[in-house]
Amino acid sequence: MHELSIAMSIVEMVEEESARRGGLQVAAVHLRIGQLAGVVKEALVSSYEMACADTPLEGSQLVVEEVPVVMYCPSCDARQPVLASEWFNCPECGASVTEIVQGKELEVVSLEVDE
Amino acid sequence: MSGGTRIIEVRQNILKKNDLLARDLRQRFHDAGVYVVSMVSSPGAGKTQLLEQTLTKLRPEHSVAALVGDLATENDAARLARSGAPVKQITTGTLCHLEASMVESALNGWNLAELDFLFVENVGNLVCPSSYDLGEDLRLVLHSVTEGEDKPLKYPTIFNSADVAVITKMDLAAAVEFDEAAAVRNIQAVRPGMKIIEVSAKSGAGVDALIEFLRSSKEAGKAMVASE
Numbered sequence: 002m003h004e005l006s007i008a009m010s011i012v013e014m015v016e017e018e019s020a021r022r023g024g025l026q027v028a029a030v031h032l033r034i035g036q037l038a039g040v041v042k043e044a045l046v047s048s049y050e051m052a053c054a055d056t057p058l059e060g061s062q063l064v065v066e067e068v069p070v071v072m073y074c075p076s077c078d079a080r081q082p083v084l085a086s087e088w089f090n091c092p093e094c095g096a097s098v099t100e101i102v103q104g105k106e107l108e109v110v111s112l113e114v115d116e
Numbered sequence: 317m318s319g320g321t322r323i324i325e326v327r328q329n330i331l332k333k334n335d336l337l338a339r340d341l342r343q344r345f346h347d348a349g350v351y352v353v354s355m356v357s358s359p360g361a362g363k364t365q366l367l368e369q370t371l372t373k374l375r376p377e378h379s380v381a382a383l384v385g386d387l388a389t390e391n392d393a394a395r396l397a398r399s400g401a402p403v404k405q406i407t408t409g410t411l412c413h414l415e416a417s418m419v420e421s422a423l424n425g426w427n428l429a430e431l432d433f434l435f436v437e438n439v440g441n442l443v444c445p446s447s448y449d450l451g452e453d454l455r456l457v458l459h460s461v462t463e464g465e466d467k468p469l470k471y472p473t474i475f476n477s478a479d480v481a482v483i484t485k486m487d488l489a490a491a492v493e494f495d496e497a498a499a500v501r502n503i504q505a506v507r508p509g510m511k512i513i514e515v516s517a518k519s520g521a522g523v524d525a526l527i528e529f530l531r532s533s534k535e536a537g538k539a540m541v542a543s544e
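Each protein sequence line maps, in turn, to chains P and H. Numbering (the working numbering) for the first sequence: 2 to 116. Numbering (the working numbering) for the second sequence: 317 to 544.
Be a bit skeptical, because a hint or two may be false.
A partial selection of chain H residues facing chain P, derived with a Cβ cut-off under 8 Å [said to hold, decoys possible]:
id : residue
1  : Thr407
2  : Gly409
3  : Leu411
4  : Cys412
5  : Ser446
6  : Thr462
7  : Val480
Bear in mind the hints are in silico, worked out from the structure with no lab data behind them. All C-beta atoms in this analysis are idealised placements derived from N, C-alpha and C, irrespective of residue type, glycine included.
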């Protein structure tokens, strides 16, 4: 359960961004979280509520876009989406693949602010 | 100016602070010539016992030290101190993993330039430590034979974040009917090409191979830095 630490990092980052821009009324924070980022969406959303309490972000929403894992397969010379059950094998040719091109994201994409 | 909303692009890694600090630490370790090895595993997989053996065996020739993370108690630090190496306990309270900032503060008062190897034993947890870079050169994930064979499939992220898998408690393999081939297959499924070392810290089997690997990795790391 490191979602609370992650949620606190998000709150800290958004507060810094808000201060840098002279104070924002943040209605929602949009995230991208990869399947291989090791973060559980539901746990993060409830942790975020706790982390926001008594901050200017209290009441804001966390909107999470989950990012599937995509590998680069050298045999097919193509990017291939892979399923959890067959991680690290190319779904097209079955070759073992190691280069993760997508799926480790853990980022704040944007802020939705009221004007 | 009322009632509307607008979108502000941010595009920032949530763990940016940790990543930046880990990068600074890595640079500091390289400058000081100390090779840093971290260990992750579930609770009770044998990190502390293996580390005690490793410290003891490296000590005659190398200057070694260890940081050890736990939610509570200083028991592990006391155990590791028996090796004669300097050891510091990081008690994390309720936090389930180590972060780069904890490693940084634990280093206060130590002269890194005097060390050849620094070991960082993470909190026993197969989930959370995977997201946090600690500035280490090498990350070992330990998997004990008593845990069965499917841990890699259940926790692919941590296996994927590590460089080497160490199968521990090999002395118990027969007693628990450990299926070695299945374990190896599962590790390779989530991290193709991953190096695997089998050890028993109790009997000492395989520990020399691990130590030889750490020594050669340190040399390879030095050569890489020199050629940069």
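Structure-based check of each hint:
For Thr407 (chain H), the suggested interface contact is broken, since its CB lies about 16 Å from the closest CB of chain P, more than 8 Å. A distance limit of 8 Å between C-beta atoms decides the matter here; for Gly409 (chain H) the minimum to chain P is near 12 Å, and the interface restraint is violated. With its C-beta approaching chain P no nearer than about 7 Å, Leu411 (chain H) sits inside the 8 Å limit, and its interface hint holds. For Cys412 (chain H), the suggested interface contact is upheld, since its CB lies about 6 Å from the closest CB of chain P, less than 8 Å.
Annotation: Ser446 (chain H) was flagged as interfacial toward chain P, and the flag holds, the nearest CB pair being 5 Å apart, inside 8 Å. The criterion of a C-beta within 8 Å of any C-beta in chain P is not met by Thr462 (chain H), whose closest approach is roughly 24 Å, and the hint is violated. With 8 Å as the threshold, the beta carbon of Val480 (chain H) stays out of range of chain P, its nearest partner Cβ sitting at about 15 Å, so the hint is violated.
Comparing the model with each numbered hint stated earlier shows that hints 1, 2, 6, 7 do not hold.
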